[in-house]
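Protein chains: 2
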Amino acid sequence: MPSTLASIAELNCPLPYPAENAVLLGHGSGGKLSAELLNDVFLPALSNPALARLDDQAVVNVNQQRIAFTTDSFVVKPLFFPGGNIGSLAVHGTINDLAVGGATPLFLSAAFIVEEGYPIEDLRRIVLSMHEAAAAAGVQVVTGDTKVVERGKGDGVFITTTGIGIMPEGVEMCSDRARPGDKILLSGSIGDHGIAILAKREGIEFESAVESDSAALHTLTAAIVSCGSGVRCMRDPTRGGLSSALNEIATRSGVSMEIDERAIPVCEEVSGACELLGLDPLYVANEGKLIAIVEAESADKVLEAMRKHPLGAQAVVIGTVNSGSPSLVTMRTTLGTTRIVDMLSGDQLPRIC
Amino acid sequence: MPSTLASIAELNCPLPYPAENAVLLGHGSGGKLSAELLNDVFLPALSNPALARLDDQAVVNVNQQRIAFTTDSFVVKPLFFPGGNIGSLAVHGTINDLAVGGATPLFLSAAFIVEEGYPIEDLRRIVLSMHEAAAAAGVQVVTGDTKVVERGKGDGVFITTTGIGIMPEGVEMCSDRARPGDKILLSGSIGDHGIAILAKREGIEFESAVESDSAALHTLTAAIVSCGSGVRCMRDPTRGGLSSALNEIATRSGVSMEIDERAIPVCEEVSGACELLGLDPLYVANEGKLIAIVEAESADKVLEAMRKHPLGAQAVVIGTVNSGSPSLVTMRTTLGTTRIVDMLSGDQLPRIC
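Protein chains in written order, with the working numbering: chain W, 1 to 353; chain S, 1 to 353.
In short, the hints are calculated from the structure, not lab data.
Quick caveat, the model's predicted, so the values are computed rather than measured.
Just to be clear, a hint being listed does not mean it is correct.
[As the list claims (entries may be wrong)] Taking lysine-lysine and the DSSO-like style, the derived pairs with C-alpha atoms no more than 27 Å apart in a straight line are:
1) W:K153 - S:K32
2) S:K301 - W:K153
3) S:K77 - W:K32
4) W:K200 - W:K153
5) S:K200 - S:K77
6) S:K200 - W:K77
[Unchecked claim] If you want the ones that stay clear, here's a sample from chain S, every Cβ over 10 Å from chain W, calculated:
7) A110
8) I113
9) G203
10) F206
11) S229
12) S298
13) H309
14) P326
[Said to hold, decoys possible] Output of the computed footprint for chain S on chain W, the stretches with three or more beta carbons under 8 Å from beta carbons of chain S:
15) 39 to 51
16) 69 to 75
17) 107 to 113
18) 117 to 123
19) 134 to 144
20) 158 to 169
Each residue gets a CB set at the ideal place from its N, CA and C atoms; glycine is no exception.
Chain W extracted, bound-state conformation:
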């Protein structure tokens, strides 16, 4: 455990290069620095309407067919962890990025960057996990690529998965559609993935094991989508956690949000680990949870649909969208006070996915 605390403390240490001109670990956190890099480097150069939506997936038109398209690189460390490995995670993650946009995932590609010397047997286990995760979800990995880099120029295996899916007719999901009065729904407990990774990485043991929640959410999202047009948008709160996902939607929609700490499920072990390590579960990554912003009249119906699904059995309403200061997310704490829930700044847990 000392090494964890040390590595967290190190984030405040001076860097061996001018930080303002260099890419930092925090630029990959999914929080404030990631947003800055996107706004400073990627959007000005690549800007186009599909990219500018800033959702987890693009929706493009191919001969009058609305196709959802998304990509993610996975650099999780360690490669094998309780509840999964980089292979299953890379399949679930990309399926989920399609699913939360309302799309039906169909096909995946997988590109591997392998470090010279990596055991072929471990690579085989990873690829088998990808197959199992894809088959269980009813999608196919149809194309791929493998590159090898010298020892010390990579870190075992990196995987980039890209997914295509189809947008059902009439379904419109976008993070700019939250409106005052909407309810904020969360499908289950937060922080499991991040704490499982951290525990494995640092050799921390719990009384009962914390497992990653890594799972494919597309049948849960299909159940939500089938509740009708009252569903404004969905997000899977991965890197940057629940707080970053809510802040992104609040900013894009120009609304404020208030959530209730008592309503947010956190497993006992996760809660304990967070307290011990000085982490806030609102910022810890999830890989099998989603939030849905739903107009008030549809909230009960959507909640019921979610609870009928094994991955949404613990679903709850955690807050409300308001018309106050645009992009402000606040939380009523268990103590009855109100605090601001900002985006993650820096990187609390690097390489979590």
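Given chain W, put chain S in place with the hints provided.
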């Protein structure tokens, strides 16, 4: 130059781990070891009809629409080289993998794995090059992702691009369609990209600079496809060079091939550098060339169409498909002898793309 020769010689040195159980640089070469890894690890686990075609792209059905889908990771070193950089290369490479399947490229995704400390200004240049290459080719980068890994766990920037395109009605291209009597067409000189990278990496200077031939081939392939059904298949001979591309087609189609060394264009500087370094231009990577297998009656028409295009001005017939020993590729040399042209074994030039 000594370091080049040394690094080539080192490939024969003992490795610090049991080579038969570990991923080697050669597994990323696009040659024999790549094929072994594909057959041993990826195909058994992931096997499905789209993947089993073993072309540079998958063709999948989305609501009766034939969509081409392809992915490639780029780990080229150095990141900037004469004639391009990793950004333009990542756009061209994926456009070309769609194009040689006969598809019209439409949209790209781009996923970045950046090493902590990499200069933001250089990242900006790379992203701008991607935009310029994409805009020039009429495709859009519509979705992306950025991850950051610690210093010493990556190497500057790795980029994975994935492309989707549309297959024109009636177009069928597959590497199993070569037939005895077909002609083998090559769009221009070989070896430019590999030698440009190697020269930059090793600080070798030529009288006139060798530039990478990196270019988007989709308008050239469209001109070829428009010649009709006599076009059996196309390939862009990247990693593993011309020899590996021909061997793949010969194996998949169960045919032999004979090419003529005198017909294969090689620039003077490339030829000189290869001689000096003990490299064979048949194994050196290209990023803006293609081969087309065409039935004999259509060869003149296709050749004419290629020569009208700036990227095919030097197009030539380099050989013939025969019915002899399946998968055997031979070459009549300038000396009048015949030699076997095998797939690349090992890795003559790692991290060329």
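Structure-based check of each hint:
Our distance criterion of 27 Å between C-alpha atoms is met by K153 of chain W and K32 of chain S, whose separation comes to about 23 Å. At roughly 47 Å between alpha-carbon atoms, K301 of chain S and K153 of chain W are farther apart than 27 Å, so this suggested pair is violated. For the given pair, K77 of chain S sits about 31 Å from K32 of chain W by alpha-carbon distance, which is inconsistent with the 27 Å threshold. For the proposed pair K200 of chain W and K153 of chain W, the alpha carbon gap of about 23 Å is at most 27 Å, so the pair holds.
A threshold of 27 Å between alpha carbons decides the hint, and for K200 of chain S with K77 of chain S the separation of about 9 Å falls inside it, so the pair holds. Between K200 of chain S and K77 of chain W the CA atoms are separated by roughly 33 Å; this puts the pair beyond 27 Å, and the hint is violated. Residue placement check: A110 of chain S does not keep its beta carbon more than 10 Å from all beta carbons of chain W (closest about 7 Å). Not every CB of chain W lies more than 10 Å from the CB of I113 of chain S, the least distance being 5 Å, so the non-interface label is violated.
Against the 10 Å criterion, G203 of chain S stays outside the reach of chain W, whose nearest CB is about 19 Å from its own CB. With a least beta-carbon separation of about 26 Å from chain W, F206 of chain S lies farther than 10 Å from that chain, consistent with its non-interface assignment. Its beta-carbon lying about 22 Å from the closest one in chain W, S229 of chain S satisfies the requirement of being farther than 10 Å from that chain. S298 of chain S, annotated as away from the interface, keeps every beta carbon of chain W farther than 10 Å; the closest lies near 28 Å.
Separation of H309 of chain S from chain W is adequate, the least Cβ-Cβ distance of about 26 Å exceeding the 10 Å criterion. No beta-carbon of chain W is positioned within 10 Å of the beta-carbon of P326 of chain S; the least distance is around 26 Å. For a cut-off of 8 Å, the count of residues in the stretch 39 to 51 of chain W with a CB near a CB of chain S stands at 8, and the three-residue condition holds. Check on the stretch 69 to 75 of chain W: 7 of its residues sit with their Cβ under 8 Å from a Cβ of chain S, so the three-residue criterion for coverage holds.
For the stretch 107 to 113 of chain W, the assignment as covered by chain S holds, since 6 residues bring a beta-carbon within under 8 Å of that chain's beta-carbons and 3 suffice. Three residues within the 8 Å Cβ limit are the bar, and the stretch 117 to 123 of chain W against chain S gives 6, so the coverage statement holds. A count of 6 residues in the stretch 134 to 144 of chain W with a Cβ less than 8 Å from any Cβ of chain S is obtained; the coverage claim is therefore met, three being the minimum. Counting residues of the stretch 158 to 169 of chain W whose CB lies closer than 8 Å to any CB of chain S gives 5, so the stated coverage by that chain holds, three being the minimum.
In this structure, the earlier hints numbered 2, 3, 6, 7 and 8 are contradicted, and the remaining ones agree with it.
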